[in-house]
Amino acid sequence: MNSIIARDRPDEPPRLACGVHGNARLANRRDLAGLFAAARPGDLVLTDATVLAEERDDGASLSAHLHSGLRLSSDIRERHLLAVGSTGCGKTQKLILPQLAADIADPTRTVIALDAKGGVLPGFVAALAERYRPGQPIRVVNFKNPGRTTHRWNPAARIASRHEALEIAHAVCANLEAGTNEGRTNEAFWLFSSVNLLADVLRMLADDPKEIGSLARAKQIIDHSAYDLAVIADSHPFKASFEQRYPAVRRYLDGSNNVTQQSVIADCAMRLTLFADEAVCRVTSGPDELDLRGLVREGGVLILE
Numbered sequence: 011m012n013s014i015i016a017r018d019r020p021d022e023p024p025r026l027a028c029g030v031h032g033n034a035r036l037a038n039r040r041d042l043a044g045l046f047a048a049a050r051p052g053d054l055v056l057t058d059a060t061v062l063a064e065e066r067d068d069g070a071s072l073s074a075h076l077h078s079g080l081r082l083s084s085d086i087r088e089r090h091l092l093a094v095g096s097t098g099c100g101k102t103q104k105l106i107l108p109q110l111a112a113d114i115a116d117p118t119r120t121v122i123a124l125d126a127k128g129g130v131l132p133g134f135v136a137a138l139a140e141r142y143r144p145g146q147p148i149r150v151v152n153f154k155n156p157g158r159t160t161h162r163w164n165p166a167a168r169i170a171s172r173h174e175a176l177e178i179a180h181a182v183c184a185n186l187e188a189g190t191n192e193g194r195t196n197e198a199f200w201l202f203s204s205v206n207l208l209a210d211v212l213r214m215l216a217d218d219p220k221e222i223g224s225l226a227r228a229k230q231i232i233d234h235s236a237y238d239l240a241v242i243a244d245s246h247p248f249k250a251s252f253e254q255r256y257p258a259v260r261r262y263l264d265g266s267n268n269v270t271q272q273s274v275i276a277d278c279a280m281r282l283t284l285f286a287d288e289a290v291c292r293v294t295s296g297p298d299e300l301d302l303r304g305l306v307r308e309g310g311v312l313i314l315e
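According to our numbering, the residues represented by the sequence shown are 11 to 315, in order.
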């Protein structure tokens, strides 16, 4: 029997009396109707869920939906869902694992799972894949323990254009921005200066048949002195068009004694700090064994630990 104990309810955040927050508002019963509708093929139904729905915008009245189950369609599961609960309350067992099982049961879907606890998912996923996706490999990437990694992931090894180099460089450099709340003067200048420099270095590596590009190798080059970088440029296959092809690298070489250019390269090196870690280097260097675009396009299962 489901039971509700008022004292077990977490404190609710402050809210406006009207229930409207910018362009968002609190969901009402009509919004939630789809969560209690009859299940369809591909839906996940959590049969033991006890649902408390707010009946008023100010949160002063609650209505319990007992024994109704909670229906999560594939459309809902593809959105950003937030599960809030204390450690050990069952978020993984009661919500995450059932959703993962429902997605793996459909062999046409691509499933990328983040195993934040490390080592929890592979056995569970392997058993499901053996049942629903026989013959399909389970890919595991572990950035702390390379021995658990089944496929090296080196997106920089597949760069074929400046566009692709910019995509990777922007993802790496902007990711650091997302992880900090501190703002700096002229932040856009430093961010995009680092993006352009890293993109040019990645493309420079991709254009050289003697190199296997990687973010770790890019950091190594950026950490070099201007003289060492000039030596690399002088022996590069695109030496004749180096200035036009890699303008950010050329700007640094031409102004290596300039304080601004020195600050740009220091900023870029700082954003690549993670790729000085030996474990991360082993997992993200060498030939790329994980074609992420192909995985998404063709279907498969990837676990990130």
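Mixed in with the good hints there might be a few duds.
[What the hints assert, rightly or not] Taking lysine-lysine pairs in the DSS-like style, the calculated list, with each CA pair at most 30 Å apart, reads:
# : residue 1 : residue 2
1 : 154       : 220
2 : 154       : 127
3 : 101       : 154
4 : 101       : 127
5 : 249       : 220
6 : 104       : 154
7 : 127       : 104
[Claimed, not checked] Quick list of simulated restraints, FRET-style, between CB atoms:
#  : residue 1 : residue 2 : range
8  : 238       : 101       : 47 to 55 Å
9  : 283       : 101       : 39 to 47 Å
10 : 273       : 177       : 19 to 27 Å
11 : 157       : 265       : 22 to 30 Å
12 : 272       : 136       : 33 to 41 Å
13 : 253       : 173       : 13 to 21 Å
14 : 79        : 290       : 40 to 48 Å
15 : 86        : 136       : 45 to 53 Å
16 : 254       : 158       : 25 to 33 Å
17 : 124       : 147       : 41 to 49 Å
18 : 136       : 253       : 35 to 43 Å
19 : 115       : 234       : 21 to 29 Å
20 : 199       : 60        : 49 to 57 Å
Treat the hints as calculated values from the structure; they're not laboratory data. Cβ coordinates follow ideal geometry from the N, Cα and C atoms, glycine included.
Against the structure, the hints:
1. 154 <-> 220: holds (28 Å)
2. 154 <-> 127: holds (12 Å)
3. 101 <-> 154: holds (24 Å)
4. 101 <-> 127: Distance ~13 Å between residue 101 and residue 127 Cα, so the pair holds.
5. 249 <-> 220: The hint holds at about 14 Å.
6. 104 <-> 154: holds (27 Å)
7. 127 <-> 104: Since the Cα atoms of residue 127 and residue 104 sit roughly 16 Å apart, the hinted pair holds (cutoff 30 Å).
8. 238 <-> 101: 47 to 55 Å: holds (50 Å)
9. 283 <-> 101: 39 to 47 Å: At 31 Å between Cβs, range violated.
10. 273 <-> 177: 19 to 27 Å: holds (25 Å)
11. 157 <-> 265: 22 to 30 Å: The hinted range 22 to 30 Å is violated for residue 157 and residue 265, with Cβ atoms some 44 Å apart.
12. 272 <-> 136: 33 to 41 Å: violated (50 Å)
13. 253 <-> 173: 13 to 21 Å: 20 Å Cβ-Cβ, so the 13 to 21 Å window holds.
14. 79 <-> 290: 40 to 48 Å: Distance hint for residue 79, residue 290 holds at roughly 43 Å.
15. 86 <-> 136: 45 to 53 Å: violated (26 Å)
16. 254 <-> 158: 25 to 33 Å: violated (44 Å)
17. 124 <-> 147: 41 to 49 Å: violated (19 Å)
18. 136 <-> 253: 35 to 43 Å: violated (52 Å)
19. 115 <-> 234: 21 to 29 Å: Taking Cβ atoms as reference, residue 115 and residue 234 lie about 50 Å apart, which means the hint is violated.
20. 199 <-> 60: 49 to 57 Å: This hint holds: roughly 52 Å between Cβ atoms.
In this structure, the earlier hints numbered 9, 11, 12, 15, 16, 17, 18, 19 are contradicted, and the remaining ones agree with it.
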